[in-house]
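Please arrange chain B on chain A, whose structure you already have, making use of the hints.
Respectively, the protein sequence lines represent chains A and B. Numbered according to this note's numbering, the first sequence spans residues 7 to 122. Numbered according to this note's numbering, the second sequence spans residues 174 to 288.
There's no promise every hint is true.
Label pairs and their calculated CB-CB ranges [claimed, not checked]:
#1 K187/B with I66/A: 22 to 32 angstroms
#2 S76/A with M214/B: 25 to 35 angstroms
#3 G59/A with Q230/B: 41 to 51 angstroms
#4 K182/B with L24/A: 51 to 61 angstroms
#5 T58/A with I227/B: 18 to 28 angstroms
#6 P85/A with Q190/B: 26 to 36 angstroms
#7 M214/B with T57/A: 36 to 46 angstroms
#8 E77/A with Q230/B: 25 to 35 angstroms
#9 T11/A with P234/B: 14 to 24 angstroms
#10 G176/B with K64/A: 23 to 33 angstroms
#11 Y45/A with R250/B: 40 to 50 angstroms
#12 R284/B with L13/A: 20 to 30 angstroms
From the derived model, a few chain B residues whose C-beta atoms are all more than 12 angstroms from chain A [as the list claims (entries may be wrong)]:
#13 D211
#14 H220
#15 G236
Honestly, the hints are just simulated from the structure, not real lab data. As the structure is a computational prediction, the values presented were derived from the model and not from experiment. Don't be surprised by glycine CBs; every beta carbon is placed ideally from N, CA and C.
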Amino acid sequence: AQSVTQLGSHVSVSEGALVLLRCNYSSSVPPYLFWYVQYPNQGLQLLLKYTTGATLVKGINGFEAEFKKSETSFHLTKPSAHMSDAAEYFCAVTEVGRTSYDKVIFGPGTSLSVIP
Amino acid sequence: NAGVTQTPKFQVLKTGQSMTLQCAQDMNHEYMSWYRQDPGMGLRLIHYSVGAGITDQGEVPNGYNVSRSTTEDFPLRLLSAAPSQTSVYFCASSYYAGVIQETQYFGPGTRLLVL
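One chain only, chain A, in its complex shape (with noise of 0.2 angstroms):
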């Protein structure tokens, strides 16, 4: 089965510093990844998806995330944090069915909180 590992429960930063979220899957297989974001009492939301092509790939409000195979990472930046950036980060990766279908499986998440 798949795992994500989120190294980091919580990531504090100050206001205009680089963001990195990491995110580590288990596959065997090219996976799809996905990074989520929740706001306070909300659901959640894309940010990025990498499923084929570049592996660098750029996201909704100024975020990316490279994929690289051989590292099984996923990893999440920003060049400079805003404050509107705090919130709780997730990544997923799509279990690939064998015996069952597909389904998304989630990393427990880091918190990223940004310092003024």
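Relative to the frame of chain A, chain B by itself:
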């Protein structure tokens, strides 16, 4: 276009009671899923469906039932509520063409407290 709607927004149950969490989407999505969110554990998949009449279990299905009689609706039933089911429940939907590579759209969530 309302997207994904969930009712109720908040519910308090006593141990042993049953209830149904409602989820509906108006985007004609084939794939629908239920997750529970608990602190430090992210979102865990309870049940999911790839179309009307087709459902399957996720990571934590025990104590929950689902059915999918229409494309639009995907209710989650708690048969006999337990305090361990206290959580925030999210419903999500997406297009499905044999593989899940499309965006999942999430509802606003239902907060459930079981006493």
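Hint check:
1. Judged by the Cβ atoms, the range 22 to 32 angstroms given for K187/B and I66/A is violated: they are separated by roughly 42 angstroms.
2. Checked against the hint of 25 to 35 angstroms, the C-beta distance between S76/A and M214/B comes to roughly 29 angstroms, which is consistent with it.
3. For G59/A and Q230/B, the hinted distance range of 41 to 51 angstroms is not satisfied, since their beta carbons lie about 32 angstroms from each other.
4. The hinted range of 51 to 61 angstroms is not satisfied by K182/B and L24/A, whose Cβ atoms lie roughly 37 angstroms apart.
5. Evaluation of the 18 to 28 angstroms hint for T58/A and I227/B yields a pass: the beta carbon distance comes to about 26 angstroms.
6. The beta-carbon spacing between P85/A and Q190/B, approximately 51 angstroms, falls outside the hinted interval of 26 to 36 angstroms.
7. For M214/B and T57/A, the hinted distance range of 36 to 46 angstroms is not satisfied, since their beta carbons lie about 26 angstroms from each other.
8. Between E77/A and Q230/B the CB atoms are about 31 angstroms apart, so this pair conforms to the stated range of 25 to 35 angstroms.
9. In this structure, T11/A and P234/B meet the distance hint of 14 to 24 angstroms, their C-beta atoms being roughly 23 angstroms apart.
10. Between G176/B and K64/A the C-beta distance comes to about 24 angstroms, which sits within the given range of 23 to 33 angstroms.
11. The hinted window of 40 to 50 angstroms between Y45/A and R250/B is violated, with their beta carbons roughly 29 angstroms apart.
12. Checked against the hint of 20 to 30 angstroms, the C-beta distance between R284/B and L13/A comes to roughly 29 angstroms, which is consistent with it.
13. Residue placement check: D211/B does not keep its beta carbon more than 12 angstroms from all beta carbons of chain A (closest about 10 angstroms).
14. Distance check on H220/B: its Cβ comes as close as 10 angstroms (rounded) to a Cβ of chain A, failing to clear the 12 angstroms threshold; non-interface status is violated.
15. Separation of G236/B from chain A is adequate, the least Cβ-Cβ distance of about 19 angstroms exceeding the 12 angstroms criterion.
In this structure, the hints that do not hold are numbers 1, 3, 4, 6, 7, 11, 13, 14, in rising order.
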